[in-house]
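S.K.: Sequence:
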Amino acid sequence: MLSAQLNTVFKHTPCTTGSKGVPARATVVRRTKSYAAYAVRKCGFSSGAQTVNNKKCRTRVIRSSGRVKVSCIAAPPAVKSVYFFSKGRSDGDASMKQVLGGKGANLAEMCKIGLSVPPGFTITTETCSKYHSSGGQLPDEVWEQMLEGLALTEEAFGAKLGDQENPLLLSVRSGAAISMPGMMDTVLNLGLNDEVVVGLSKKSGERFAYDSYRRFLDMFGDVVLGIPHELYEQQLEAVKVAKGVQDDNELDVEGLKEVVEAYKQVYVDQGTSFPLDPLDQMKAAASAVFNSWESDRAKVYREVEGITGLLGTAVTVQTMVFGNMGETSGTGVCFTRDPSTGEKILYGEYLINAQGEDVVAGIRTPEPIARLAETLPEAFASLCANNALLEEHYQDMQDIEFTVQDGTLYMLQCRSGKRTGAGAVRMAVEMVDEGLVDIPKAVTMVTPGHIDQLLHPQFEDESSYADSVLGTGLPASPGAAVGVVAFSASDAEECKAAGIPCILVRVETSPEDVGGMSAAEGVLTARGGMTSHAAVVARGWGKTCVSGCAGLQVNDAEQTFTLGGITVRAGEYISLNGNTGEVIVGKVPLIPPTISGDLGKFMSWVDDFRTLKVLANADTPEDAAVARANGAEGIGLIRSEHMFFSGEERIAAMRKMIMANTTETRKAALMEILPFQRDDFEGIFQAMDGFPVTVRLLDPPLHEFLPDGDLDEIAAEMAALTGATEDEVMDRMEALSEVNPMLGFRGCRLAITYPEIAEMQARAILEAACNAQAAGVVVQPDIMVPLIGTLQEFKHQEKIVRATAAQVFAEKGTSVPYRVGTMIEIPRAALMAAQIAESAEFFSFGTNDLTQMTFGYSRDDVGKFIPIYLHEGILKHDPFEVIDFDGVGQLISMATKNGRAARPGLKVGVCGEQGGEPLSVEFFNREKLDYVSCSPFRVPIARLAAAQAAIKAAGQ
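Take 17 as the starting number for the sequence shown in the working numbering and just add one per residue.
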């Protein structure tokens, strides 16, 4: 009877059916050990490699859910989609992040160096791309390889998925090539069902088994089936109330069984069912992780971080080890150095009798990692040894997840740890001092974003707000933040859009809050530790964060929080000290940072490597002084028109000039302006003693200098100022109005029409240079003609400048070296660069206008469509932030090459916004430009970007 039944089911020819001639599974009803034995003996099935029907196969024989199951998996196809790993053996390594994601590649490497890593396998990022391009279908050949990887995992760990007597449970996790903490989905404890949980209870105890089961039901329903997590939380809270307990781990076995039944009812109430087959669970979980790559939170994070060009996420399926098996078990997250300060101490947190999600989700407040030395000393010693090995192997600070099961340490993950700007710089400096890395490596370990963080303000006087401190939380991410309170991500984003700084206040953050965290100046949470989601993301973005603030009561419905007996409402100001964890009511004054200490030492290394000079865009002596303090090697752009707005007398004189209807009256108005400009230029020359100063002659259209408002009121005001009639003023304003000012009466066109403008400005520049030189300042003025499109335009203006210079030098009885060049911002000028360079002594690419004219985009209107272009992949970057390498970049490359061919040694630089953007700086370095110029506060960022570009180009 038994033989006949088996023969009927297996039919002795199992490999003639199923995908590509390979059966998915054969099943025998009823459970008995002899069935599996018979399948092996009589029907030719055995676990391991074999050949059936001329096909290389690998079979699995398991007993689960009352059935014997036999699977036959085809040999791996030519495209490898699944990579196995276990201690001492690995199909991949750390170099394969683009293929295996950061998590999978690092697990493979950890196995290779002999760490105790639970076995598993990683599905490639390319599979994610195929999955989405095929409409969310997991390819058959990938599933076959997953079954093969599962068989190897079972063999390595000595347990089987779905087996009641010796069950294997799995975690299914995401892992892109670039770390995206908390942005994608995870499923833990996979493999449980009503029968397996009974077997697990016999092996590991009922409390552990049912605690794991209720976690799995919750997570699988939420992540895979989209059932809101809150529905499970409500059921859990109801059971806790009924049992009279507060914490999850206080529930007894009967309580946990009640939770499990309540969770199963949630599935029913939601009109779905929980899949009992562990293989179905595994396939669905892997698909859910792939789906999370396209989740809103993941997209927002990639947009904020500027992550592009990735195929997708890898999926790692790994043997579960358990930190929730009692007081000799636990789980934690640690860093080999303090990610906030950079100090070389073990930094992190752990929980006894818990799983990893309990730590990172902030549900329970964890213990400091140092205390693990007291509770589990042997595991702590192993952890310290492993951490030291990993940091030395990777030559970088590591972020590590670990679990201790019954006193045995397992390493679950390592990756380069997110860190603050202060932490990054200190680590780089100290790792060089320790001999762990060399200086070129250290320079590449600090990102331009880290430097940007260090240039943010700090509190002016921390003792001044002592009476305003509401409470103290954990100092999860340093810095100072001041803003109005916002209680949701959407509110924070609205504040940013309105230009209002805000602090996002939450009970705990979740990945759905990333948009608000990006918009906010800082984050405050009631729950969570130093390695919670809020802390990790905030540190990575340089946002101030105070987490785990005891006593903080958040009332989302009323839009208030209460702390220290004080209630604060949405829209009211608070301040956060991320260095101390203090929460302060009101606005605390801020001061700018300074470059000193470790940062000063690090920036000195930076300057040793870069070949691209970094100048600054500055319009006042004060701006020039800031630029010099930040390491600028000169001024690459003075927008001389900005000097007209810094006082009533100046703008009044400018408006007189605009309204002048004769050359004589226009010159008279310009002579009023001359002393102001000369004084400003003199102050800038003094601030930039020994460095070049590039002054752009007047560029904007004249109507921009007129007041805004009602035309009749403007006419009356201008008439009183200039002595003209209101009708004459109205006629003049009408004459100045333009349909398209970008293409209209501005730049060199103004000074060609009114040459007295160029004469006055050249005189102001050169008189200031002579005066500064007489005071002992080394001056290097460069006079830049804006908006030319023809050689003739440039030569017209050059003639005026040189004639004026001759007059000034004769009057002063001295001279200064100077150059006359042009801003290349019109595509025709780039095309005619060889001809223009015969006369122009330098080029400065005005990439803002060059981008506008090349694309035909107006910077004033791009907000209407650029976000859509970026989302749809029409543009990879906003071209006004990152240089358009293919189009605008081609014009720059061609103009530089042709200009230098005509004038060897031609000085070439960039003064647009992209001059301080790291990707653009790398491009300009590659094109061998002489300098970039950016805002004074971005100078250190550009210096680092230039150094990293030089190191990369040199192959260091």
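There may be inaccurate statements among the hints.
Keeping only pairs whose Cα atoms sit at most 30 Å apart, straight-line, the calculated BS3-like set for lysine-lysine is [unchecked claim]:
#  : residue 1 : residue 2
1  : 968       : 617
2  : 617       : 603
3  : 892       : 683
4  : 944       : 811
5  : 299       : 128
6  : 299       : 219
7  : 128       : 96
8  : 968       : 913
9  : 315       : 146
10 : 944       : 128
11 : 880       : 683
12 : 913       : 315
13 : 219       : 256
14 : 828       : 315
15 : 280       : 259
16 : 617       : 944
No lab work stands behind these hints: they were computed from the structure.
S.K.: Against the 30 Å threshold, does the CA-CA distance of residue 880 and residue 683 hold or violate the hint?
M.R.: violated (42 Å)
S.K.: Is the hinted pair residue 128 and residue 96 satisfied, with a Cα-Cα distance of at most 30 Å?
M.R.: Holds. Residue 128 to residue 96 sits at ~20 Å (cutoff 30 Å).
S.K.: Could you grab the alpha-carbon distance between residue 280 and residue 259 and see if it respects the 30 Å cut-off?
M.R.: holds (19 Å)
S.K.: For the pair we were handed, residue 944 and residue 128, check the Cα-Cα distance against 30 Å.
M.R.: violated (42 Å)
S.K.: Does the structure keep residue 968 and residue 617 at a Cα separation of 30 Å or less?
M.R.: holds (21 Å)
S.K.: Does residue 146 lie within 30 Å of residue 315 when you go C-alpha to C-alpha?
M.R.: With Cα atoms ~18 Å apart, residue 315 and residue 146 stay inside 30 Å; holds.
S.K.: Are residue 617 and residue 944 close enough, with their CA atoms no more than 30 Å apart?
M.R.: Given pair residue 617, residue 944 holds - Cα atoms ~27 Å apart, limit 30 Å.
S.K.: Tell me if the straight-line CA distance from residue 968 to residue 913 falls inside 30 Å.
M.R.: Judged against 30 Å, a Cα distance of about 22 Å means the pair holds.
S.K.: Compare the distance between the alpha carbons of residue 913 and residue 315 with 30 Å, and conclude whether the hinted pair is satisfied.
M.R.: violated (39 Å)
S.K.: Residue 219 and residue 256: Cα distance at most 30 Å?
M.R.: holds (26 Å)
S.K.: Against the 30 Å threshold, does the CA-CA distance of residue 617 and residue 603 hold or violate the hint?
M.R.: violated (33 Å)
S.K.: Between residue 299 and residue 128, is the straight-line Cα distance small enough, at 30 Å or below?
M.R.: holds (28 Å)
Figure legend: structure checked against the earlier numbered hints; hints not met, in rising order: 2, 3, 10, 11, 12, 14.
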